[in-house]
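There are 2 protein chains.
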Amino acid sequence: MLTKEVYSKTCERAVEYLNKAGIVITQKEKNEMEVAEYGLGDVENIGLELIVYVNTDRCCAKELILFPGQTCPEHRHPPVLGEPGKEETFRCRYGRVYLYVPGEPAKNPKAKPPRGSEVYFTVWHEIELSAGEQYTLAPDTLHWFQAGAEGAVISEFSTKSRDEYDIYTDPRINPAQNRKV
Amino acid sequence: MLTKEVYSKTCERAVEYLNKAGIVITQKEKNEMEVAEYGLGDVENIGLELIVYVNTDRCCAKELILFPGQTCPEHRHPPVLGEPGKEETFRCRYGRVYLYVPGEPAKNPKAKPPRGSEVYFTVWHEIELSAGEQYTLAPDTLHWFQAGAEGAVISEFSTKSRDEYDIYTDPRINPAQNRKV
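Protein chains in written order, with this note's numbering: chain A, 30 to 210; chain B, 30 to 210.
It is worth saying that the hints were derived from the structure and are not from the lab. You may find that some hints are simply not true.
One copy or two, it doesn't matter: identical chains are merged, so the pair holds either way.
[As the list claims (entries may be wrong)] Listed below are the simulated DSS-like cross-link pairs for lysine-lysine, each with C-alpha atoms no more than 30 angstroms apart in a straight line:
| id | residue 1 | residue 2 |
| --- | --- | --- |
| 1 | Lys57 | Lys38 |
| 2 | Lys33 | Lys139 |
| 3 | Lys136 | Lys59 |
| 4 | Lys57 | Lys136 |
| 5 | Lys57 | Lys139 |
| 6 | Lys49 | Lys141 |
| 7 | Lys59 | Lys91 |
| 8 | Lys57 | Lys33 |
| 9 | Lys189 | Lys57 |
Chain A extracted, bound-state conformation (with noise of 0.2 angstroms):
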């Protein structure tokens, strides 16, 4: 659970990074944003920030925002209701991100896990993005991100948004509780 305050000043921060990413949003949005801390109470370090511009059942856009070193913990989108699981593609608008899959495990990763959780982060393939740059993800592809030192802005667009079905590898954290604060 996030308090109000920290939930107020979690989206003030948030609204400076759109700001740096030159991402306008209305007024209506800004009171709408989501903060997802995962149950777990460390929302800087395992935590992100987010703007739904739209999620029908059909296609689903969002901006995310990581402040810098923030963390999305490992998960996956398996398939839901006899459809495959949602298809994501990451676009970074500013910033840097570093991304991790299945395959090859980076020697060095520029990433590091938030203390404490190491073990529930298990894939290693590192893509980095940087403004401009973007990866897709097929469905129920485990995957987790964290942002570089300059925090990052990640426009992502995908099939219907469906939270509460998310896999997580951390056995902590309840999709169902996630959001909304």
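Following the hints, complete the assembly by docking chain B onto the known chain A.
Quick look at chain B alone, frame taken from chain A:
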């Protein structure tokens, strides 16, 4: 048809608008920019510049660039291969765009159809989008749009794009010939 010279100049000009919008693209994306001139030979008035970020079987994201007063002609995305037509969200990132759809016609519309093509613009319900504002079009909805005096950069989030099936009101336009100069 566009000449190589007009194509190059159009792309260079489009990049200036992306810069104004603070949108970063790679050199490869710049090289692969598409210019739609709809076979009408009047790209400054009836045309659209675009970068396709991703277009899979399930979803699609593009950046659309419109010069001041440039118009994307009226069309719709019909059902294809047993699927509903393309669903599109237009999010204005820079400038202003006037979008027209079926419904109560604007009394004093802010856009003017290109001279000589007035008869091919039949829907007049006006939606005005400034930076940070967006609109989602249901599949198979007739629509056209024109940039305001500062031009416009628009992110499009949608289901799969199949331009060759688009149906234009103007019979001179053959979608199969629109793209890829």
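Hints versus structure:
Taking the closest pair of Cα atoms, Lys57 and Lys38 come within 30 angstroms of each other only inside a single copy of the chain (17 angstroms); across copies the shortest separation is 38 angstroms, beyond that limit. When the C-alpha separation of Lys33 and Lys139 is checked against a cutoff of 30 angstroms, the pair qualifies neither within a copy, at 33 angstroms, nor between copies, at 43 angstroms. For the identical chains of this complex, Lys136 and Lys59 are neighbours neither inside a copy (40 angstroms) nor across copies (33 angstroms), given an alpha-carbon limit of 30 angstroms. In this assembly of identical chains, Lys57 and Lys136 lie within 30 angstroms of each other by CA distance solely across copies; the values are 28 angstroms between and 44 angstroms within a copy.
In this assembly of identical chains, the alpha carbons of Lys57 and Lys139 lie at most 30 angstroms apart only when taken from different copies (25 angstroms versus 36 angstroms within one copy). Proximity of Lys49 to Lys141 under the C-alpha cut-off of 30 angstroms is restricted to the intra-copy arrangement: shortest distance 24 angstroms within a copy versus 35 angstroms between copies. Taking the closest pair of Cα atoms, Lys59 and Lys91 come within 30 angstroms of each other both inside a single copy (13 angstroms) and across two copies (24 angstroms). In this assembly of identical chains, Lys57 and Lys33 lie within 30 angstroms of each other by CA distance solely inside one copy; the values are 18 angstroms within and 44 angstroms between copies.
When the C-alpha separation of Lys189 and Lys57 is checked against a cutoff of 30 angstroms, the pair qualifies both within a copy, at 22 angstroms, and between copies, at 29 angstroms.
The structure does not agree with the numbered hints 2, 3 stated previously, though it agrees with the rest.
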